[in-house]
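4 protein chains.
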Amino acid sequence: MKVTLLASTPNATKVVATAAWICTHLELPTEADLHPDKCGPMVKRVVGYGHTSILEHASFTFAIEGVSRACSHQLVRYRIASFSQQSQRFVKFGNGSGCGYVMPESCKQDVEVIEEFERALMAAEAAYDFMTKKGIPAEDARFVLPSATTTKLVMTMNARELLHFFQQRLCIKAQWEIRELAMLIRAEVVSKEPVLFATAGPGCGNCKEKRSCQGE
Amino acid sequence: MKVTLLASTPNATKVVATAAWICTHLELPTEADLHPDKCGPMVKRVVGYGHTSILEHASFTFAIEGVSRACSHQLVRYRIASFSQQSQRFVKFGNGSGCGYVMPESCKQDVEVIEEFERALMAAEAAYDFMTKKGIPAEDARFVLPSATTTKLVMTMNARELLHFFQQRLCIKAQWEIRELAMLIRAEVVSKEPVLFATAGPGCGNCKEKRSCQGE
Amino acid sequence: MKVTLLASTPNATKVVATAAWICTHLELPTEADLHPDKCGPMVKRVVGYGHTSILEHASFTFAIEGVSRACSHQLVRYRIASFSQQSQRFVKFGNGSGCGYVMPESCKQDVEVIEEFERALMAAEAAYDFMTKKGIPAEDARFVLPSATTTKLVMTMNARELLHFFQQRLCIKAQWEIRELAMLIRAEVVSKEPVLFATAGPGCGNCKEKRSCQGE
Amino acid sequence: MKVTLLASTPNATKVVATAAWICTHLELPTEADLHPDKCGPMVKRVVGYGHTSILEHASFTFAIEGVSRACSHQLVRYRIASFSQQSQRFVKFGNGSGCGYVMPESCKQDVEVIEEFERALMAAEAAYDFMTKKGIPAEDARFVLPSATTTKLVMTMNARELLHFFQQRLCIKAQWEIRELAMLIRAEVVSKEPVLFATAGPGCGNCKEKRSCQGE
Numbered sequence: 008m009k010v011t012l013l014a015s016t017p018n019a020t021k022v023v024a025t026a027a028w029i030c031t032h033l034e035l036p037t038e039a040d041l042h043p044d045k046c047g048p049m050v051k052r053v054v055g056y057g058h059t060s061i062l063e064h065a066s067f068t069f070a071i072e073g074v075s076r077a078c079s080h081q082l083v084r085y086r087i088a089s090f091s092q093q094s095q096r097f098v099k100f101g102n103g104s105g106c107g108y109v110m111p112e113s114c115k116q117d118v119e120v121i122e123e124f125e126r127a128l129m130a131a132e133a134a135y136d137f138m139t140k141k142g143i144p145a146e147d148a149r150f151v152l153p154s155a156t157t158t159k160l161v162m163t164m165n166a167r168e169l170l171h172f173f174q175q176r177l178c179i180k181a182q183w184e185i186r187e188l189a190m191l192i193r194a195e196v197v198s199k200e201p202v203l204f205a206t207a208g209p210g211c212g213n214c215k216e217k218r219s220c221q222g223e
Numbered sequence: 008m009k010v011t012l013l014a015s016t017p018n019a020t021k022v023v024a025t026a027a028w029i030c031t032h033l034e035l036p037t038e039a040d041l042h043p044d045k046c047g048p049m050v051k052r053v054v055g056y057g058h059t060s061i062l063e064h065a066s067f068t069f070a071i072e073g074v075s076r077a078c079s080h081q082l083v084r085y086r087i088a089s090f091s092q093q094s095q096r097f098v099k100f101g102n103g104s105g106c107g108y109v110m111p112e113s114c115k116q117d118v119e120v121i122e123e124f125e126r127a128l129m130a131a132e133a134a135y136d137f138m139t140k141k142g143i144p145a146e147d148a149r150f151v152l153p154s155a156t157t158t159k160l161v162m163t164m165n166a167r168e169l170l171h172f173f174q175q176r177l178c179i180k181a182q183w184e185i186r187e188l189a190m191l192i193r194a195e196v197v198s199k200e201p202v203l204f205a206t207a208g209p210g211c212g213n214c215k216e217k218r219s220c221q222g223e
Numbered sequence: 008m009k010v011t012l013l014a015s016t017p018n019a020t021k022v023v024a025t026a027a028w029i030c031t032h033l034e035l036p037t038e039a040d041l042h043p044d045k046c047g048p049m050v051k052r053v054v055g056y057g058h059t060s061i062l063e064h065a066s067f068t069f070a071i072e073g074v075s076r077a078c079s080h081q082l083v084r085y086r087i088a089s090f091s092q093q094s095q096r097f098v099k100f101g102n103g104s105g106c107g108y109v110m111p112e113s114c115k116q117d118v119e120v121i122e123e124f125e126r127a128l129m130a131a132e133a134a135y136d137f138m139t140k141k142g143i144p145a146e147d148a149r150f151v152l153p154s155a156t157t158t159k160l161v162m163t164m165n166a167r168e169l170l171h172f173f174q175q176r177l178c179i180k181a182q183w184e185i186r187e188l189a190m191l192i193r194a195e196v197v198s199k200e201p202v203l204f205a206t207a208g209p210g211c212g213n214c215k216e217k218r219s220c221q222g223e
Numbered sequence: 008m009k010v011t012l013l014a015s016t017p018n019a020t021k022v023v024a025t026a027a028w029i030c031t032h033l034e035l036p037t038e039a040d041l042h043p044d045k046c047g048p049m050v051k052r053v054v055g056y057g058h059t060s061i062l063e064h065a066s067f068t069f070a071i072e073g074v075s076r077a078c079s080h081q082l083v084r085y086r087i088a089s090f091s092q093q094s095q096r097f098v099k100f101g102n103g104s105g106c107g108y109v110m111p112e113s114c115k116q117d118v119e120v121i122e123e124f125e126r127a128l129m130a131a132e133a134a135y136d137f138m139t140k141k142g143i144p145a146e147d148a149r150f151v152l153p154s155a156t157t158t159k160l161v162m163t164m165n166a167r168e169l170l171h172f173f174q175q176r177l178c179i180k181a182q183w184e185i186r187e188l189a190m191l192i193r194a195e196v197v198s199k200e201p202v203l204f205a206t207a208g209p210g211c212g213n214c215k216e217k218r219s220c221q222g223e
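From first to last, the protein sequence lines are chains A, B, C and D. Residues in the first sequence are numbered consecutively from 8, following the working numbering. Residues in the second sequence are numbered consecutively from 8, following the working numbering. Residues in the third sequence are numbered consecutively from 8, following the working numbering. Residues in the fourth sequence are numbered consecutively from 8, following the working numbering.
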């Protein structure tokens, strides 16, 4: 799994601070009003009051590689986001060309499970290759490809939705693969914009889950 | 594949006509203003001008069964919609319990292809059963399940987004399975609300596709 | 101010329960599974875990009358909602035809304030009438109309967004007019669907506001 | 009226081209694949097919000053966008502090109309000042402020939604003030990202409006 930050709003903290400022002032901020020593605390204060809409003005675009289709199926359910995903209709896989897959850690503990897992994946890849050689369109041959198959995406999310994504997916009860993805994404954005993501984390403290970790 | 209309906005044409009316009148409409002889033409006229936002006030909820995960992956990309989907994390399949699958028509023309397709699917199901019996969680065992595996969803869309969905997915260039789904959904809503869906169809006449059907 | 529930999803609790069920079951629910004695507790349990997305399948449409443009300007900022609003471009007001207005309670305590308030509004209405008689288009004449001017809307929101709206706008720190509106809307939906709106209220318990009421 | 581009996605055409590429390729693009000579044509070709979703990865943030509340009320109806607007609840105007207003061109042609317009606005400002001095909260005093009152906003929109905004608001039938705003915004983004906005313009050619300009 690999996450690359392709682009983000330049001077994002300053842009967000400008948005915060304009809500409660008669005039736009001056450069002095937006001095780094002031921007950070201003943004933290307003976000701290729960007024997170200002964070929508900061946008982040990632290339995501090596996640399973099981993971991407969860990811694309976020509706306040933009996705461009590798199409299994138009990209032909197989033939040793790198139809990679993800094997969960839990399956790697037992050699019999590993063998059974790999047997299923080899059967899928063999069937895919056989069918595409027979002239079956890729969009139909892919029906045999498993959820373990890797995919690539370009994803754009704003900082507010990213915080929401982190709250849900950094929870230790989230599925392990999307949690791992959330950790990589957080590392990128915290390093890039530490002020905006100062509170990035799971939604602990307000957890209603049936099987809450109770601070396990 | 099966589509059931679970619920829809009662008197939807009248509700939409009320929304159309209020935009350009001083007072709310009377019952006489909303007589069926007037509502239908009023809605058709306003929608005909391209003012389709009034159609958002009519909402439709469907149960969808027997579509592949390949199909549902496309479907859930519509962001002006609500989805509740059968979870492969929490539902355990297999053991003869009905882990159904979809085989594309193109694969049914050649007995060798059928055999290869079924071999892959049996290998997947066998691996799934083996792993779940070994104690692998369903959420990890599902990594071997193919895109052909069927799923169930409850979906809610408003009439405006449904028309957009039809424009894209009733096109003969759309993937065959989601096109079949779009036809079943259209049959349901046209029968229920013929006025609102009078123009439901592919986006022909405004097609920019590279491989346009050119009215094939 | 007047709120009328024009339409809502029939059997909404049952529809929402169907959506909750399908996430974790192999088959769709039977009628017995959806018995009212079971639906209500099922929905409350799932919503209680914070899984509120199932509430999106229940939709509510209101006619709203007699609110100020100041109020509607806040209301239409909700983006997971549909609005059809009386247009000041296409509807000509004035001439005794009912260009109503809202006067805040705080302005009614002092006769001088009342007089000043009404002087401004009469000047606005006189200018509007003068200009429209002179042939100025309504869309330009309305520039003199005050925020106090009343408006009408048709609004559709799903139950999840309504709960979010209530959390923000039933707070005693919300602006009084939209809070009054939220109370009227809540009364409608709680009466119609008591199960879905069992928790409808301000976001107390999780308040981060600077000037929190602290349970005043 | 003044529009300032506060920020935009760096190398936006390259980012969008990366998104276009990943949909139909096995691997992410190399630097050579993303050479400016290739990016531009690739993006124009894909957008030309109507596949505009890739444009969502380019985001633009503006400061908007000197537009009327009549204009901003239309603007904030765009739901695929983020707005931070000067609050009339928390900002106190008046007292010569610059409670500016917009007068439509149509009102400036006749000295009597100008006088009537200004009389209404002076009455509003006088009432506002009187009330705030009397201790009426700004959020209530603003009820007398007219739609002509200017406001400030920070707005973020992605390139796809901007093209949609241009289609609707650059139409000569759009309200003059928001059309003027759309022209200023277009000038900013066309200058910054000419490839992405090569087609920015009104939706002519597909016009369904009742009172179409017919190419006036």
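By construction, these hints were calculated from the structure, which means they are not laboratory data. Remember, predicted model here, so these are calculated numbers, not experimental data. Check the hints yourself; a few may be wrong.
It does not matter which identical chain is meant; a pair holds if it fits inside one copy or across any two.
Dumping the calculated DSSO-like pairs for lysine-lysine here, alpha-carbon to alpha-carbon at most 30 Å [as the list claims (entries may be wrong)]:
#  : residue 1 : residue 2
1  : Lys-141   : Lys-99
2  : Lys-215   : Lys-115
3  : Lys-140   : Lys-180
4  : Lys-9     : Lys-217
5  : Lys-99    : Lys-199
6  : Lys-180   : Lys-51
7  : Lys-51    : Lys-215
8  : Lys-180   : Lys-199
9  : Lys-140   : Lys-51
10 : Lys-141   : Lys-199
11 : Lys-99    : Lys-115
12 : Lys-9     : Lys-180
13 : Lys-140   : Lys-199
14 : Lys-199   : Lys-45
15 : Lys-45    : Lys-141
16 : Lys-180   : Lys-215
17 : Lys-45    : Lys-115
Tested hints:
1. In this homomeric assembly, Lys-141 and Lys-99 come within 30 Å of each other (Cα to Cα) only inside a single copy, at 13 Å, whereas the closest approach across copies is 34 Å.
2. Neither within a single protomer nor between protomers do Lys-215 and Lys-115 lie at most 30 Å apart by alpha-carbon distance, with minima of 32 Å and 45 Å respectively.
3. Within a single copy, Lys-140 and Lys-180 get their C-alpha atoms only as close as 42 Å, which misses the 30 Å cut-off; across copies the closest is 22 Å, which meets it.
4. With identical chains, the CA atoms of Lys-9 and Lys-217 are never at most 30 Å apart, being 32 Å at best within one copy and 33 Å at best between copies.
5. With identical chains, the CA atoms of Lys-99 and Lys-199 are never at most 30 Å apart, being 36 Å at best within one copy and 36 Å at best between copies.
6. In this homomeric assembly, Lys-180 and Lys-51 come within 30 Å of each other (Cα to Cα) both inside a single copy, at 28 Å, and across copies, at 21 Å.
7. Taking the shortest Cα distances, Lys-51 and Lys-215 sit within 30 Å of each other both inside one copy (26 Å) and across copies (12 Å).
8. Taking the shortest alpha-carbon separations for Lys-180 and Lys-199, only the intra-copy value of 27 Å comes in at or below 30 Å, while the best inter-copy value is 35 Å.
9. Proximity of Lys-140 and Lys-51 under a CA criterion of 30 Å is satisfied in neither setting, with 58 Å inside one chain copy and 33 Å between copies.
10. With identical chains, the CA atoms of Lys-141 and Lys-199 are never at most 30 Å apart, being 49 Å at best within one copy and 43 Å at best between copies.
11. Proximity of Lys-99 to Lys-115 under the C-alpha cut-off of 30 Å is found in both arrangements, the shortest distances being 28 Å within a copy and 20 Å between copies.
12. In this assembly of identical chains, Lys-9 and Lys-180 lie within 30 Å of each other by CA distance solely inside one copy; the values are 22 Å within and 33 Å between copies.
13. Proximity of Lys-140 to Lys-199 under the C-alpha cut-off of 30 Å is found in neither arrangement, the shortest distances being 46 Å within a copy and 45 Å between copies.
14. Taking the shortest alpha-carbon separations for Lys-199 and Lys-45, both the intra-copy value of 18 Å and the inter-copy value of 29 Å come in at or below 30 Å.
15. Neither within a single protomer nor between protomers do Lys-45 and Lys-141 lie at most 30 Å apart by alpha-carbon distance, with minima of 66 Å and 34 Å respectively.
16. Taking the shortest alpha-carbon separations for Lys-180 and Lys-215, both the intra-copy value of 12 Å and the inter-copy value of 26 Å come in at or below 30 Å.
17. Taking CA atoms no more than 30 Å apart as the test, Lys-45 paired with Lys-115 passes in neither setting, with 51 Å inside one copy and 41 Å between copies.
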